[in-house]
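J.: Sequence:
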Amino acid sequence: MKVDDAVPRPGPRWRGLRALAAAAVAVVTLVTVGLVAVGGPAGPSPAWAATVDVGATYVFVNRHSGRAMDVYDWSTADDAPVNQWTRNDLAVQQWQFVDAGGGYYRIRSRHSGKVLDLPSAADGTQLVQRTDSGAATQQFRLQDSADGFVRFVNRHSGKVIDVWNWSTADGGVLAGYQNLDGANQQWQLVRLGGNPGRTFTNPIKRNGPDPWLTHHNGYYYLATTTWNSTITMRRSATLGGLSTAPDQVVFNLSGRPNGCCNMWAPEFHLINGPNGPRWYLYYTAGQNVPDFNPTQRLHVLESAGTDPMGPYTFKADLGADWQLDASILTVANRLYLMGTYNAGGSYGQSLFITPMSNPWTLSGSRVRLTSPTLPWERQTHPVAEGPEPLYHNGRTMIVYSASACWGPDYKLGLLTLTGSDPLNPAHWTKKPEPVFQRNDANGVFAPGHNGFFTSPDGTESWIVYHANDSAGGGCDMNRSTRAQRFTWNADGTPNFGTPVRLGSPVAVPSGE
1 MKVDDAVPRP
11 GPRWRGLRAL
21 AAAAVAVVTL
31 VTVGLVAVGG
41 PAGPSPAWAA
51 TVDVGATYVF
61 VNRHSGRAMD
71 VYDWSTADDA
81 PVNQWTRNDL
91 AVQQWQFVDA
101 GGGYYRIRSR
111 HSGKVLDLPS
121 AADGTQLVQR
131 TDSGAATQQF
141 RLQDSADGFV
151 RFVNRHSGKV
161 IDVWNWSTAD
171 GGVLAGYQNL
181 DGANQQWQLV
191 RLGGNPGRTF
201 TNPIKRNGPD
211 PWLTHHNGYY
221 YLATTTWNST
231 ITMRRSATLG
241 GLSTAPDQVV
251 FNLSGRPNGC
261 CNMWAPEFHL
271 INGPNGPRWY
281 LYYTAGQNVP
291 DFNPTQRLHV
301 LESAGTDPMG
311 PYTFKADLGA
321 DWQLDASILT
331 VANRLYLMGT
341 YNAGGSYGQS
351 LFITPMSNPW
361 TLSGSRVRLT
371 SPTLPWERQT
381 HPVAEGPEPL
391 YHNGRTMIVY
401 SASACWGPDY
411 KLGLLTLTGS
421 DPLNPAHWTK
431 KPEPVFQRND
441 ANGVFAPGHN
451 GFFTSPDGTE
461 SWIVYHANDS
471 AGGGCDMNRS
481 TRAQRFTWNA
491 DGTPNFGTPV
501 RLGSPVAVPS
511 GE
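Each residue of the sequence shown is one higher than the one before, starting from 1 at the first, in the UniProt record's numbering.
In case anyone wonders, no lab produced these hints; they're calculated from the structure. Bear in mind the structure is a predicted one, so any value in this text is a computation, not a measurement. Ideal Cβ positions, reconstructed from N, Cα and C, are used throughout, including at glycine. You may find that some hints are simply not true.
To be verified - Derived DEER-like restraints, expressed as beta-carbon distance ranges: (1) THR361 <-> THR418: 20 to 30 Å; (2) TRP74 <-> VAL54: 18 to 28 Å; (3) ASN342 <-> ASP181: 46 to 56 Å; (4) GLU433 <-> ALA304: 40 to 50 Å; (5) ASN288 <-> TRP74: 30 to 40 Å; (6) GLY255 <-> PRO294: 13 to 23 Å; (7) ASN424 <-> VAL289: 32 to 42 Å; (8) GLY103 <-> GLY305: 47 to 57 Å; (9) ASP147 <-> PHE314: 22 to 32 Å; (10) SER420 <-> THR76: 49 to 59 Å.
Generate coordinates for the entire structure from the input sequences, incorporating the hints supplied.
T.: What follows is the structure, given as structure tokens:
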């Protein structure tokens, strides 16, 4: 099977994409597990880059696209194409190495029992699966690339498995091509832990808007908007178990003069303050008047110890005017309060940042960080809110929610600190396109107001967010909490993929 007879190089290549059936999706930070580097630097000379475990199961994730090697449409037939798809760790993406001798392996699908086959030496030959015959077209060795990535070199042709046309799309074709060591030819071997095949389904909480989730000391902790006078939290040893875990009240706001009611957007951060490590729980609350009212303020609680469920005591009000969606940014060991306020004029509802001297005390003036200026930030209503910190490989970012939460196009945007001063708006760069948004095919609308957490073993990055089941959903308690893995682009920015359809199986976090 040939992808293209005319193969221009070294620039972009044409690709033929097949439509793929919907699959359960979840994405994750890429990690190399169980690999031992024994070869020299990458290059045309042979080098065996890893000692693989023939008893283990792996997922192969492409360095360029962040997507996994996947059997087309869950096929079990000979000559079914093998392409790339958003990682989900299901059997269709699970592979095992079978020793073929001389440093070569046959690579068997756990789903179909068939092996990878590159049936021709011609550039652009589609990668397929076939019944294991031991043929040289079914044998591959691993060759070193930088940073622990490897290339699959075919014994028959000497060609490597290549993401055709540098695609980053689900369904991007995998084909044989000359060995150029491009990022689209480099793969990370992710060894699955002790729970391959275990899954959960979203939502992890119905009626759970504005979620914040943390894994701490063996448990997941989840808090969401209650829209009443209580702050509640759920705890579970498994992510899926949060869906049935009871809500436990960790603080009651009744009687507080500046914030008795309408509790929104709780977040709890473990910060080493003057009294040692404590959980600081930030939230929005106001007087008992209708939603979107001028009495909403930011407040913070402090825990007595290091249990996320408290007990908590009230610590401070944070500001004296209308503000929403508190979160904490840390840059160079300094704390900053982030949130949302109405900047007035043409700015509208904007993101702000304020320096702090400790987790409950503001120490400087509020600075407007960014406003909803782009068309996709102004759908239904111009809004920039819900700023959340994200750190990766020395890069500091803010993921925020844009457009009206009561419309179907609520979505996520990205700011990156490209200078040194987080209080200088000019030192932040806004990505011109959204990074996570509605997906009509999966029935996910208005995904936003997110948080981040890591898997129990620390190897995977996860996003938690709320969304609606229909385009007619509103900005109310009917929004549900969902979670999925994400990975990272080559430039260090997050790749959140596509919002997962409710009820689709999602592989549980690594180490759970």
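J.: Against this structure, judge whether each hint is valid.
T.: Outcome of the hint check:
Between THR361 and THR418 the C-beta distance comes to about 29 Å, which sits within the given range of 20 to 30 Å. About 25 Å separates the C-beta atoms of TRP74 and VAL54, a value consistent with the hinted range of 18 to 28 Å. Taking the beta carbon of each, ASN342 and ASP181 are about 52 Å apart, inside 46 to 56 Å as hinted. A beta carbon spacing of about 44 Å between GLU433 and ALA304 agrees with the range 40 to 50 Å that was offered as a hint.
Against the hinted window of 30 to 40 Å, the Cβ-Cβ separation of ASN288 and TRP74 comes to about 53 Å, which falls outside the hint. Against the hinted window of 13 to 23 Å, the Cβ-Cβ separation of GLY255 and PRO294 comes to about 21 Å, which satisfies the hint. Here the CB-CB span from ASN424 to VAL289 is close to 37 Å, well matched to the stated 32 to 42 Å. Roughly 54 Å separates the CB atoms of GLY103 and GLY305, a value that falls within the hinted 47 to 57 Å.
At roughly 48 Å, the beta-carbon separation of ASP147 and PHE314 lies outside the given 22 to 32 Å, and the hint is violated. SER420 and THR76 have their C-beta atoms about 55 Å apart, which keeps the hinted 49 to 59 Å range intact.
In the structure shown, a violation is registered for the earlier hints numbered 5 and 9, in ascending order.
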